[in-house]
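**Student:** Take a look at the letters that make up each chain.
There are 2 protein chains.
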Amino acid sequence: MNDVSSPRDLRRAIRSGAHLGNTSGLAPGYVQCNIVILPAAVAADFLRFCQLNPKPCPLIATSNAPGDFTLPPLGDVDIRTDVPSYRLFRDGEFVEELADITALWQDDLVTFALGCSFSFEEALLADGLEVRNVTEQVNVPMYRTSIDCSPAGPFAGKMVVSMRPFKAADAIRAVQICTRFPAVHGAPVHLGDPGLIGIGDLALPDYGDPVNVAADELPVFWACGVTPQVALERARLPFAITHSPGCMLVTDLRNSRLAVM
Amino acid sequence: MNDVSSPRDLRRAIRSGAHLGNTSGLAPGYVQCNIVILPAAVAADFLRFCQLNPKPCPLIATSNAPGDFTLPPLGDVDIRTDVPSYRLFRDGEFVEELADITALWQDDLVTFALGCSFSFEEALLADGLEVRNVTEQVNVPMYRTSIDCSPAGPFAGKMVVSMRPFKAADAIRAVQICTRFPAVHGAPVHLGDPGLIGIGDLALPDYGDPVNVAADELPVFWACGVTPQVALERARLPFAITHSPGCMLVTDLRNSRLAVM
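As you go down the protein sequences, you meet chains A and B in turn.
With the first letter of the first sequence counted as 1, position 6 gets the number 6 in our numbering; the numbers rise by one all the way through.
With the first letter of the second sequence counted as 1, position 128 gets the number 128 in our numbering; the numbers rise by one all the way through.
One chain only, chain A, in its complex shape (with noise of 0.2 angstroms):
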């Protein structure tokens, strides 16, 4: 039985094969990572998109180099071994989930490391609000918008967002929790009217689960790590992979480091 509230013990568990499920609310203080891993030739146009469009891909860490499965910003990475499980896609169709990579490594390959949504979560909880998703006990709501993500070579598409509700005291406070968390998706990107950002119905999330919204209760948007990788199989690149929903990197590095005040 391994302790899953150290991030490193909960990282070996997961290296070993012990822990293959998702991550949440497992190492609790730590920040997970959403992960993309591409090939070189197309790494850039990747950065450069996520430098373009930061409140939906929050990037916290790179690989130094191509080939470089270590992240040692984050802690003592592999990055082929250390997420519960991986999402593989060739020709930008998803092909199967694994839980390692290690044999489908190449020279070339780049991790990306984004923020996720947990971390905010967290602060928001820690601040004494409901989180509807976590109290519900299911995924968080996620719709395709009408809001443009920016271009960057092959990437682009609809931003995602994840849907949470609050009333209205509690939205205003949500948004001064998470301005202080730029790196996993920072202030909210709407509230209110979901017609605005093209959201038809709120009960009809386009990935996750819906939630109850009260009558006297606001949905509240942030911009959400799943906008990647739409843009990703939009891309259709030859090779790419990425962790599966829910079953995050587990990095060393403590949320609260995340506060840029």
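Since the hints were derived computationally from the structure, they do not count as laboratory data.
As the list makes no split between identical chains, a pair holds if one copy fits it or if it spans any two.
Here are the simulated EDC-like cross-link-like pairs (lysine to aspartate or glutamate), alpha carbons at most 20 angstroms apart as the crow flies: (1) K167 with E217; (2) K167 with D148; (3) K55 with D148; (4) K158 with D206; (5) K158 with D148.
Here the structure of chain A is known, so what remains is to put chain B in place on it, guided by the hints.
**Tutor:** Structure of chain B alone, referenced to chain A:
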């Protein structure tokens, strides 16, 4: 002709009677204050009311001692002469407007200078946001709400709020900007459905003028400096003096110095 860009020169013009009108837009960059002048017997309760209700009553300065008509932290102020127009209340009833209260001054009077929305409106405008009441050149609409203030001695009542409409992304930005300025009402207290805070019809403000709200905009509500005036009237004090609406004390304090970060 006085230079109304300098707060000191503007106060001189007001002191001499050369400027009697409202101070909106004058001495840009400098803090303007709501003024409440009370007998020492109720000053401690009013101070506590401000401390309990910092959003509607953000206290910036008080006089050093009863009877002292200076406010050194705010400049070379003589509070008996340096406000363009005062309102005298006796037994909670408005008696008259005055350009000078020297003849009414008493040895037991205590002055309270409270932050004013002019400062955060300037910060919103400087960030490129449109402030509707400024665009439409009217007084901001203000509404009595169902939100109770925390009572202190004879001071109690409902919170009054001001309203400015914004598109959602600008409303989120406005929360970020105003959070930096707790001394001038700080972040909004509500946004979205006015009925949730007891406002029946945005087109019928209790004070000020209505403004247009577009279909794709949210009304955003800030705690308002009229709140202490309502508490004062309700307290039915034998004697009280305030500034006249829009005719503020102009101070030497820069708006930027109020920013907490």
